[in-house]
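K.L.:
Protein chains in written order, with the numbering used here: chain A, 684 to 1026; chain B, 308 to 638; chain C, 151 to 516.
It is possible that part of the hints are untrue.
[Said to hold, decoys possible] Below, computed lysine to any residue pairings styled on SDA-like, alpha-carbon distance capped at 20 angstroms:
no., chain 1, residue 1, chain 2, residue 2
1, C, Lys329, B, Leu335
2, A, Lys752, A, Arg770
3, B, Lys403, C, Leu410
4, B, Lys337, B, Ala596
5, A, Lys717, B, Lys515
6, C, Lys187, A, Thr954
7, B, Lys552, B, Gly626
8, B, Lys326, B, Ser363
9, B, Lys403, B, Lys576
10, A, Lys978, C, Leu172
11, B, Lys484, B, Lys552
12, B, Lys379, B, His324
13, A, Lys965, C, Trp421
14, C, Lys329, B, Ala596
15, A, Lys934, B, Lys576
16, A, Lys717, B, Asp574
17, C, Lys187, A, Pro964
18, C, Lys175, A, Ala1008
19, B, Lys403, B, His433
20, A, Lys965, C, Pro259
21, B, Lys434, C, Leu172
22, A, Lys773, A, Phe697
Derived by calculation from the structure, the hints in this document are not laboratory data.
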Amino acid sequence: MSMLEVKDLHTSFFTDAGEVKAVNGISFSLEEGKVLGIVGESGSGKSVTAYSILQILAGSGRIVSGSIKFRDQELVNSGEKVMKNIRGNKISIIFQDPMTSLNPTYTIGHQLMEAIMLHTDRDRNQARERALEMLKLVNVNEPEKRLKQYPHEFSGGMRQRVMIAMALACEPDILIADEPTTALDVTIQAQILELMKSLQEELGMAIIMITHDLGVVAQMCDEVIVMYAGSICEQGTADEIFYNPGHEYTKGLLRSIPNQDDDGSKLQPITGTPIDLLNMPKGCPFAPRCDAAMKICLRERCPKIEINEGHSASCWMNVKAAADAGEPVFDDGEVTEEKKGEA
Amino acid sequence: MSGNKNENSRPLVEVKHLKQYFDINVGLFKSKPLKAVDDVSFEIKKGETLGLVGESGCGKTTVGRTILHLYKPTAGEIWYDGKQIGSKESLRDFRKKATMVFQDPYSSLNPRMTVEDIIAEPLDVHKAYSSKNERRERVLELMEYVGLNSEHASRYAHEFSGGQRQRIGIARSLALKPGFVVCDEPVSALDVSIQAQVINMFDELQDKLGLTYLFIAHDLLVVRHISDRIAVMYLGHIVEIADAKEIYDHPLHPYSKSLISAVPVPDPKTARSNKRIVISGDIPSPLNAPSGCPFRTRCPYASEKCAECMPELKDMGSGHLVACHHSAEIN
Amino acid sequence: MAEHSTDKRKKSVQDVLRMFSLHIKVDDLIPATDEEKAYIVTMRPSTTFFKDGVRRLVKNKVAFISFIVIVFITLSAIVIPFFWPYSYDAMLGNMPGQPMDASYNNLLPFTYSVTEQARIDNGEFVFPHVFGTDSAGRDYFIRVVYGTRISLAVGFFASIIVLIIGMTLGAISGYCGGKVDMVIMRIVDIIYSLPDMLMVILLASVLKMRLSPVIDGTALASIGSNIISLFIVFGLLYWVSMARLIRGQILSLREQEYVLAARAAGARGGWIIRKHLLPNCMSVIFISVALQIPSAIFTESYLSFIGLGVNAPMPSLGSLAADALNGINSYPYRMVIPAIVISLIVLGLNLFGDGLRDAFDPKLNK
């Protein structure tokens, strides 16, 4: 039984230019203590997915349909009371830019203690103790002094640590990290990722890591979901995704980034530009940019096809591979009859 | 390795002891100098790509902008093609030969101008054409170089995606047929799948037009791909310069070592087995740079000597320069 | 192992196809051509920033209605005097060469004087006095229309003067920075601290004495020295808020990368201000002007009310209201009508300005 189950989620933004289908029917699950990576570029819907789970969508966004179950409790349409208990308490989130997530007019201590007192019934002193504990946990030096300081007195890496401390103060079951290190320098990023990994092992919580950086995914994640234009292209373990990709988009991404064995030869980019979410074509959203696109790709979306244990991809190339292997997948009338007989 | 190394003896671009200090107000009447660039020297040969990497506060962007005299250098000399740049005439001429591509495709193009006007602006400023037709021809030629559809010349910048806007910026920088282009984090703001397109384009244009690049970036894998040589900066100083592959495989400076090992590699097996050198502490503010070697506050090999004086760039063999008092012992 | 996984794949492909009742033909797996792919992707129709803003503005009903009202009032003020049979300064009962006919004075709306009544009885058509006449026998409707003309013209031209001076000084101050900025801003601060009503009255009185002999006999005499001095006062004092606004915009726009790019290409200050900075301030400028006009009209009405406005017999909405004070008990409508017109204009422009800001201010963009 998974801790978090998302089934056929649809989230859209209703702007005065039309309906933007940010998330277009995705399903996945998260097990206890695992790190799940959601990879995608801008417009892929990865952040919107996270915001949908916590129902913190901006203004015109709404979950149109689908189900999100946390420990068997349905979160969609469950009401503010239920969600208030979930946010910050059972499921926490840290954002990309800690400067805008922290209130510049309150001290760090105040904000930490506020989060603690809101969700647990500790009094002020106990909350302060807990805040100090958290700061020590995230390796912030001189925690007593830091409690009295304001966000602008901290560096980027420190602020992100404070964000993590705030998010973990109530010992959540799931930590959602929305591009937590994108705005940080490389060496600071390494520190933060290492911190997150060690905290995850120590506290046994699950992490949903949202990023566009495949390097971060390779380093941190057990399971990976690849998203494009609001749909899931492929999901599976990190090893499967990197070494046995089943979707043309994933393959294209892996081919286009310079890796450590770079010999200076030309990169193989994915041609074309990302899709306009207001003007979604029918068929596979990646098809117009796909070198291997077939006629059916332009017409119909491919359903989830299982490639290996726990690894599935929504790509017609897998059907083609099966057909090339000599196996009858076509609808020629007779063939289907025969298949019925066999089955 | 991209680009052909020209056998010319004289480098195209020479930067000598460049300093750029900004005065920051710290009190009512007091001001402190922010040493963004503190005594930086290097050379770039014609047709070469020099990569410049570093983290926040290292001064790499300031170096790029100061070379182009967008800021007046506090001290030091810039030489281009054997001539020193400083006087008004030399500057006016220099502006045609040295240009810049900017990081943010969203703020580097004027939202009120059409694509044609944006690309033609350098031509307009220098009145480099004799008729409207000539201007239009040149713009269309440039658009073709960067793979933009000529029908889009009368559209506005905001109608394009990030990658296309960056192409517009590149076309603009090529308008006056420059020899030297400073690329200031040109792909950092783009999606991963678009980055490869733009990087390939930089390579092609370099071959086709014989350009020399100063490629400033923080993504080490990208810089390694496109550069011939790489210079690593920390708090306004260059700490190491070497061939791209050499610096990646055998970094000699403690900071370079930690920087390169911190880069997340998109390969799970390597990522798991890599022993990462994680340096603790934060990067000091350039306002309060440590005395002597700026890295000594975080360096595991720091000694007293490091606090006293700034190490010079020493050649450790075959053009691999390192600025460290203890580089011989460490390696 | 590879075979095992392909076996698994085979099984699940068929399962999946059956599950979704998908029927694949051999043709479906032929590679798609580039044309087919390109056909699927169409670029959205071109909209400029301007068109986008206009679309948003039109959707805002309040702003749209206000705009219609303003246009209607302005057009009426311009067009009506051309065909209205009465003029604003003709005292109908006081024709030279004829005895005074007091029955023309203080007529109620749609009533006629004795002479006119006689003509109607004779079968002639006499154009009705829609708002009656004032105490000197002048048709009130046309006076209100002329008053509106003057008020609108004053508001408009004063705003233009403010715009030109404020924009220039604000742009120079913002772009140059340093000492130039400091000097200009200190001047702004000083002017801000002056009590503006007092200054207006002072300057108006002083200029009146100086200007009257100068403009006598010229076309400007009909507007009166008071209005000229009003323009001069506006030019001297009211540019400051526009200057500050433009300066603020320029300060933030100056750091944009496209300005840096222009400098890297060799552009100088003037080019950058003209081509890059000011065009990007346009929406702010429009909004500011739209909100400045009602303020100018209000000031003019105030001045006219206290007697420092247009010279008689030229009416302005303020002076009409002032004149109507005397007979306010017997003819209250003479006060109410110009007051309503002022209110309509000011409210309409304010609402329209608000609508402009909502439609064009990029920061409020969703």
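K.L.:
All hints are to be evaluated individually against the structure, with a verdict given for each.
P.N.:
Right, here's what the structure says about each hint:
As the CA atoms of lysine 329/C and leucine 335/B are separated by approximately 17 angstroms, the hinted pair is consistent with the 20 angstroms bound. Taken as a hint, the lysine 752/A and arginine 770/A pair is honoured in the structure, with Cα atoms around 14 angstroms apart against an allowance of 20 angstroms. The suggested pairing of lysine 403/B with leucine 410/C holds, with an alpha-carbon distance near 15 angstroms, which does not exceed 20 angstroms. As the CA atoms of lysine 337/B and alanine 596/B are separated by approximately 18 angstroms, the hinted pair is consistent with the 20 angstroms bound.
Straight-line distance between C-alpha atoms of lysine 717/A and lysine 515/B comes to about 50 angstroms, which puts the hinted pair past the 20 angstroms bound. Our distance criterion of 20 angstroms between C-alpha atoms is met by lysine 187/C and threonine 954/A, whose separation comes to about 12 angstroms. Between lysine 552/B and glycine 626/B the CA atoms are separated by roughly 13 angstroms; this keeps the pair inside 20 angstroms, and the hint holds. About 18 angstroms separates the Cα atoms of lysine 326/B and serine 363/B, which keeps this hinted pair within 20 angstroms; it holds.
Distance restraint check for lysine 403/B and lysine 576/B: the Cα-Cα separation of roughly 48 angstroms exceeds the 20 angstroms cut-off, and the hinted pair is therefore not satisfied. Restraint check for lysine 978/A and leucine 172/C: the C-alpha separation of about 15 angstroms stays at or below 20 angstroms, so the hint holds. Taken as a hint, the lysine 484/B and lysine 552/B pair is broken in the structure, with Cα atoms around 30 angstroms apart against an allowance of 20 angstroms. Distance restraint check for lysine 379/B and histidine 324/B: the Cα-Cα separation of roughly 14 angstroms lies within the 20 angstroms cut-off, and the hinted pair is therefore satisfied.
Of the supplied pair hints, the one linking lysine 965/A and tryptophan 421/C is violated, its CA atoms being roughly 48 angstroms apart against a limit of 20 angstroms. Distance hint between lysine 329/C and alanine 596/B is unfulfilled; the C-alpha atoms sit about 31 angstroms from each other, more than 20 angstroms. Using a Cα cut-off of 20 angstroms, the hinted pair lysine 934/A and lysine 576/B holds, with the two alpha carbons roughly 18 angstroms apart. At most 20 angstroms may separate the alpha-carbon atoms for a hinted pair to count; lysine 717/A and aspartate 574/B meet this at roughly 19 angstroms.
At roughly 10 angstroms between alpha-carbon atoms, lysine 187/C and proline 964/A fall within 20 angstroms of each other, so this suggested pair holds. In summary, the hint linking lysine 175/C to alanine 1008/A is supported, as the alpha carbons are separated by about 16 angstroms, within the 20 angstroms threshold. Only pairs whose Cα atoms come within 20 angstroms are accepted, and lysine 403/B paired with histidine 433/B is accepted, the gap being roughly 8 angstroms. Between lysine 965/A and proline 259/C the alpha-carbon distance is near 68 angstroms, which puts this suggested pair outside the 20 angstroms criterion.
Between lysine 434/B and leucine 172/C the alpha-carbon distance is near 63 angstroms, which puts this suggested pair outside the 20 angstroms criterion. Distance hint between lysine 773/A and phenylalanine 697/A is unfulfilled; the C-alpha atoms sit about 29 angstroms from each other, more than 20 angstroms.
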